[in-house]
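Q: Chains as they are written, first to last, in the working numbering: chain D, 1 to 348; chain V, 349 to 696.
I should point out that these hints are in silico values taken from the structure, not numbers from a laboratory.
Owing to the predicted nature of the structure, the values given are computational and were not obtained by experimental measurement.
Where is the CB? At the ideal position from N, CA and C, for every residue including glycine.
One or more of the hints may lead you astray.
DEER-style ranges, computed between Cβ atoms [what the hints assert, rightly or not]:
1. D:S36 / V:R379: 40 to 46 Å
2. V:A537 / D:P122: 58 to 64 Å
3. D:M1 / V:E623: 31 to 37 Å
4. D:A279 / V:M349: 53 to 59 Å
5. V:S685 / D:E197: 55 to 61 Å
6. D:P122 / V:G350: 56 to 62 Å
7. D:T174 / V:D369: 53 to 59 Å
8. V:S685 / D:G2: 47 to 53 Å
9. D:S36 / V:A382: 19 to 25 Å
Each chain is listed here by its residues.
Protein chains: 2
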Amino acid sequence: MGLRDEILEQPEAARRQLASDPAPIEALAERLRAESVDSVVIAARGSSDHAAIYAQYVFGVRHQLPVALAAPSITSIYGVEPEFRRALVIAISQSGASPDVVGVLAAARRQGAPTVAITNEPASALAGAAEFVIDLQAGSEQAVAATKTYTTSLLAIARLSAALADSTDRASGTEITTVPEHLAAALVASIEDETREAAAALAAADRCVILGRGFEYATAREWALKLKELARVFADPYSAADFEHGPLALIGPGVPVLAVAPSGLASAGLVELLERLGANGADLTVLSDDAATRAIGARSIGLPPGVPDWLRPIVSIVPAQLFAYHLTRARGLDPESPRNLSKVTRTR
Amino acid sequence: MGLRDEILEQPEAARRQLASDPAPIEALAERLRAESVDSVVIAARGSSDHAAIYAQYVFGVRHQLPVALAAPSITSIYGVEPEFRRALVIAISQSGASPDVVGVLAAARRQGAPTVAITNEPASALAGAAEFVIDLQAGSEQAVAATKTYTTSLLAIARLSAALADSTDRASGTEITTVPEHLAAALVASIEDETREAAAALAAADRCVILGRGFEYATAREWALKLKELARVFADPYSAADFEHGPLALIGPGVPVLAVAPSGLASAGLVELLERLGANGADLTVLSDDAATRAIGARSIGLPPGVPDWLRPIVSIVPAQLFAYHLTRARGLDPESPRNLSKVTRTR
Chain D
1 MGLRDEILEQ PEAARRQLAS DPAPIEALAE RLRAESVDSV VIAARGSSDH
51 AAIYAQYVFG VRHQLPVALA APSITSIYGV EPEFRRALVI AISQSGASPD
101 VVGVLAAARR QGAPTVAITN EPASALAGAA EFVIDLQAGS EQAVAATKTY
151 TTSLLAIARL SAALADSTDR ASGTEITTVP EHLAAALVAS IEDETREAAA
201 ALAAADRCVI LGRGFEYATA REWALKLKEL ARVFADPYSA ADFEHGPLAL
251 IGPGVPVLAV APSGLASAGL VELLERLGAN GADLTVLSDD AATRAIGARS
301 IGLPPGVPDW LRPIVSIVPA QLFAYHLTRA RGLDPESPRN LSKVTRTR
Chain V
349 MGLRDEILEQ PEAARRQLAS DPAPIEALAE RLRAESVDSV VIAARGSSDH
399 AAIYAQYVFG VRHQLPVALA APSITSIYGV EPEFRRALVI AISQSGASPD
449 VVGVLAAARR QGAPTVAITN EPASALAGAA EFVIDLQAGS EQAVAATKTY
499 TTSLLAIARL SAALADSTDR ASGTEITTVP EHLAAALVAS IEDETREAAA
549 ALAAADRCVI LGRGFEYATA REWALKLKEL ARVFADPYSA ADFEHGPLAL
599 IGPGVPVLAV APSGLASAGL VELLERLGAN GADLTVLSDD AATRAIGARS
649 IGLPPGVPDW LRPIVSIVPA QLFAYHLTRA RGLDPESPRN LSKVTRTR
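One chain only, chain D, in its complex shape (with noise of 0.2 Å):
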């Protein structure tokens, strides 16, 4: 299997998540309805560091609740253990297999904090500190750059928001029945046109800057990472908001802008934005399934329509993700061998 069969498959490991066992997250959800929790702090490191950033978004915007990053070498380096009082504590990682983010986990379980973890490997130390386990049910991933077990590890936090609000807001758990369906709509061969044809277009800049907004800005982050790793481009994602506190001063000659805009409550300062930057000449490419957002930019691909808000990301990333893919092939580059890169990183 390759990087773009794994790309393929995600409508398929998200239906095999979704019909996994619920038990965890049933159990999880149990816990914290009994012993109610003021935040969320989240470890994890690459690709799933990200997946912390969407969990920031998801129980901020649909639980009120704070969510801290842990910085794993707090404890790894300085020997210090936070408090994790009154926190629900949950580790990202597929392989399950960093030292520093099973210690954080460990921490917290001996301190009493439940804990979750979310790993594609069940038998990994990270799953056997946990109190809870989801199992991300992505399948062996075997190319260097995460993409399965990305938007598998998403679909597991939106999971985990949908049993938390499970008395108030049953329709949560319906729309994450259709994420399947909205994957598979993003890998439409029409899609992938558009994708082949902006990395065509792309090929020879070494450098761009990524946009996205609220939900979408973990969604800017991770193309940025699938751009650095795979086509070797220092891609630099911002929120919007960010961009214009420094960040704006890069744009220039030979400095494309990506920008991930799909319709919702978060488009309209960004769409302001890209016309601002459109206007003063900057070479726009943009990934959103608004008509008029598209027209923005000098090229444009699809996303599906109709995904709620807080699961666009879940599928958003896919079509970035082909687009790493073709840029890297345009660039001449290998998408399955990463230069300097192994598949598990055990930072301590």
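Following the hints, put chain V in place on chain D, whose structure we already have.
A: Relative to chain D, chain V alone:
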């Protein structure tokens, strides 16, 4: 006053803040002794976001508190107010003018959470919204790129930490009084000469990677922002741990590596990574107080010795600022007029 003048003014700005009325910090520490908190939530953007990362390590390592970096758009875009139960809520903004940052603080105060504004404008909307205000006392900052407001923001966080640790750790307060002299030691002519030489050597690169770890991750982030906004260099900052999860693929000819690698607990892993990168032919510039670590680089920039780990980020950014200033000039750009930027950004 130009950018370099403001960089040179930092020892004096720190002295001003240390001489200012300690009442707000003492009153806040008093409230937090009476009513302890389980976590810290920080709202910030731009350079202030890097002060927030410093705070994440300070409160994590010294007070075992998880720190959440607020996503202001959860309120400004999605209209949801997080519940700041048992959290200390800090907003950092030199201008105090960003409506979305003010929004987070105002919501927290309505809920009765202890709120503090760290700002250079004690008459700003942000200061008005906060229960406690720490005035940076940086003096008017004219340059678009933040320098003295950044280091005085870090100093304010360190003072707050020292006040919280008052009963158990009286040494902290004494250590803080040495910050102005350490800042002055980072501004000696021999160090500025090294920044000028390194800038001349790296003037042709339009991309680079910046590494830091632990407390100095904040420095890597802030250094990268200065290079982006002033010198228009795509500077990609990483903790040494995250770096191996993907971005390692970016290193190759024409992509120099800068590292902030002072002595201290975080240095071991970072030094090992730098040795590996050097052995593979990477072009390394090392910012350190340690002679052996400096020798790993093709060139290096000094730091004053003897600065405590937890205070060093206030000092180590200073030669990095000078490097950004000289690199900007070496690249034929004007450090006083970064492209596209204005001083105050009113993001919503």
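Q: Which hint numbers doesn't this structure obey?
A: 1, 4, 5
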